[in-house]
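Assemble the whole structure, with the sequences as input and the hints as a guide.
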Amino acid sequence: DAGVIQSPRHEVTEMGQEVTLRCKLISGHNSLFWYRQTMMRGLELLIYFNNNVPIDDSGMPEDRFSAKMPNASFSTLKIQPSEPRDSAVYFCASSLRGTTEAFFGQGTRLTVV
Amino acid sequence: SQKIEQNSEALNIQEGKTATLTCNYTNYSPAYLQWYRQDPGRGPVFLLLIRENEKEKRKERLKVTFDTTLKQSLFHITASQPADSATYLCALVGGRSYNTDKLIFGTGTRLQVFP
Numbered sequence: 001d002a003g004v005i006q007s008p009r010h011e012v013t014e015m016g017q018e019v020t021l022r023c024k025l026i027s028g029h030n031s032l033f034w035y036r037q038t039m040m041r042g043l044e045l046l047i048y049f050n051n052n053v054p055i056d057d058s059g060m061p062e063d064r065f066s067a068k069m070p071n072a073s074f075s076t077l078k079i080q081p082s083e084p085r086d087s088a089v090y091f092c093a094s095s096l097r098g099t100t101e102a103f104f105g106q107g108t109r110l111t112v113v
Numbered sequence: 001s002q003k004i005e006q007n008s009e010a011l012n013i014q015e016g017k018t019a020t021l022t023c024n025y026t027n028y029s030p031a032y033l034q035w036y037r038q039d040p041g042r043g044p045v046f047l048l049l050i051r052e053n054e055k056e057k058r059k060e061r062l063k064v065t066f067d068t069t070l071k072q073s074l075f076h077i078t079a080s081q082p083a084d085s086a087t088y089l090c091a092l093v094g095g096r097s098y099n100t101d102k103l104i105f106g107t108g109t110r111l112q113v114f115p
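First to last, the protein sequences are chains A and B.
Residues 1 to 113 (this note's numbering) are what the first sequence spells out, left to right.
Residues 1 to 115 (this note's numbering) are what the second sequence spells out, left to right.
Simulated from the structure, these hints should not be mistaken for laboratory data.
Glycine is no exception: its CB is placed at the ideal position from the N, C-alpha and C atoms.
Hints are supplied without guarantee of correctness; some may be wrong.
[What the hints assert, rightly or not] With a straight-line cut-off of 25 Å between C-alpha atoms, the simulated DSS-like cross-links for lysine-lysine are:
hint: 1; chain 1: A; residue 1: K78; chain 2: B; residue 2: K55
hint: 2; chain 1: B; residue 1: K71; chain 2: B; residue 2: K102
hint: 3; chain 1: B; residue 1: K102; chain 2: A; residue 2: K24
hint: 4; chain 1: A; residue 1: K24; chain 2: A; residue 2: K68
hint: 5; chain 1: A; residue 1: K68; chain 2: B; residue 2: K71
[Claimed, not checked] Negatives, chain A to chain B, calculated, CB over 10 Å:
hint: 6; residue: S7
hint: 7; residue: E14
hint: 8; residue: M15
hint: 9; residue: E18
hint: 10; residue: I26
hint: 11; residue: G28
hint: 12; residue: S31
hint: 13; residue: N52
hint: 14; residue: M60
hint: 15; residue: P61
hint: 16; residue: A67
hint: 17; residue: S87
[As the list claims (entries may be wrong)] Here are the computed distance ranges between Cβ atoms for each label pair:
hint: 18; chain 1: A; residue 1: P70; chain 2: B; residue 2: A10; range: 37 to 43 Å
hint: 19; chain 1: A; residue 1: A2; chain 2: B; residue 2: T78; range: 31 to 37 Å
hint: 20; chain 1: A; residue 1: P70; chain 2: B; residue 2: R42; range: 23 to 29 Å
hint: 21; chain 1: B; residue 1: T68; chain 2: A; residue 2: P84; range: 40 to 46 Å
hint: 22; chain 1: B; residue 1: K17; chain 2: A; residue 2: S73; range: 43 to 49 Å
As structure tokens, then:
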């Protein structure tokens with residue numbers, strides 16, 4: 001397996017534009033986590049899914065953020081409209097169960113200008 | 001509110017010495033505690049997991065302790081090498097109080113090992 005795959009690796013967009021980040025889970029994993037990492041706040045959990053169902057989205061900062069799992073192997077995180085303060089590295093991670101080790105993707109570095 | 005605290009200042013040690021990193025938490029009763037390593041420009045990589053009923057876990061040069069009374073975990077790297085230089089993150093999972101599989105991370109401690 002190629003591991004967790006995120007795309008794009010880098011995204012530069014203008015304020016107000018819609019941004020979609022993508023994540024492909026490791027085959028067979030049933031837990032999916034989206035994180036945002038900044039120097040100031042570290043690695044923050046935004047939302048996590050078990051078996052394609054969102055379990056806890058209390059970390060999603062605002063209604064501008066939304067996440068979906070249309071199937072067991074794929075997830076998207078959308079920001080609409082984007083703002084400069086959304087600039088960060090966004091990671092997704094998957095695990096076989098929520099309590100075992102999580103495998104992270106390489107991250108998407110988002111810059112909103 | 002729930003907090004996971006790690007030393008924000010970098011830890012600088014000499015090659016061959018033992019590095020000890022601390023993770024303290026409050027308002028949590030986690031079922032598991034995990035440690036990850038993160039290199040610049042990369043995602044965190046899992047190192048070790050310890051359960052609430054385990055006091056200590058070892059893997060090669062790594063040792064983790066878990067004290068649920070003190071609400072603290074210590075992470076040791078013995079015979080440290082320059083290649084161990086990275087940021088180390090602790091993470092808490094689940095717990096009876098929360099009935100959840102949330103994986104929450106501390107802010108991490110940067111370790112620098114000098115030759």
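The hints, checked one at a time:
1. A:K78 <-> B:K55: Not OK: K78 of chain A and K55 of chain B at ~41 Å, beyond 25 Å, violated.
2. B:K71 <-> B:K102: Holds - the C-alpha atoms of K102 of chain B and K71 of chain B are around 18 Å apart, at most 25 Å.
3. B:K102 <-> A:K24: Holds: K102 of chain B and K24 of chain A sit about 20 Å apart, inside 25 Å.
4. A:K24 <-> A:K68: Judged against 25 Å, a Cα distance of about 12 Å means the pair holds.
5. A:K68 <-> B:K71: It is violated: about 35 Å lies between the C-alpha atoms, which goes past 25 Å.
6. S7: Holds: least Cβ distance 14 Å, greater than 10 Å.
7. E14: Given that every Cβ of chain B is farther than 10 Å from that of E14 of chain A, nearest at about 24 Å, it holds.
8. M15: Holds, since 25 Å exceeds 10 Å.
9. E18: For E18 of chain A, whose nearest Cβ neighbour in chain B is about 24 Å away, the distance exceeds 10 Å, so it holds.
10. I26: holds (13 Å)
11. G28: holds (16 Å)
12. S31: violated (6 Å)
13. N52: holds (14 Å)
14. M60: About 13 Å separates M60 of chain A from the closest Cβ of chain B, which puts it past 10 Å; holds.
15. P61: holds (16 Å)
16. A67: A67 of chain A clear of chain B: closest Cβ-Cβ about 15 Å, beyond 10 Å.
17. S87: holds (16 Å)
18. A:P70 <-> B:A10: 37 to 43 Å: Holds, at about 42 Å.
19. A:A2 <-> B:T78: 31 to 37 Å: holds (33 Å)
20. A:P70 <-> B:R42: 23 to 29 Å: holds (27 Å)
21. B:T68 <-> A:P84: 40 to 46 Å: holds (42 Å)
22. B:K17 <-> A:S73: 43 to 49 Å: holds (44 Å)
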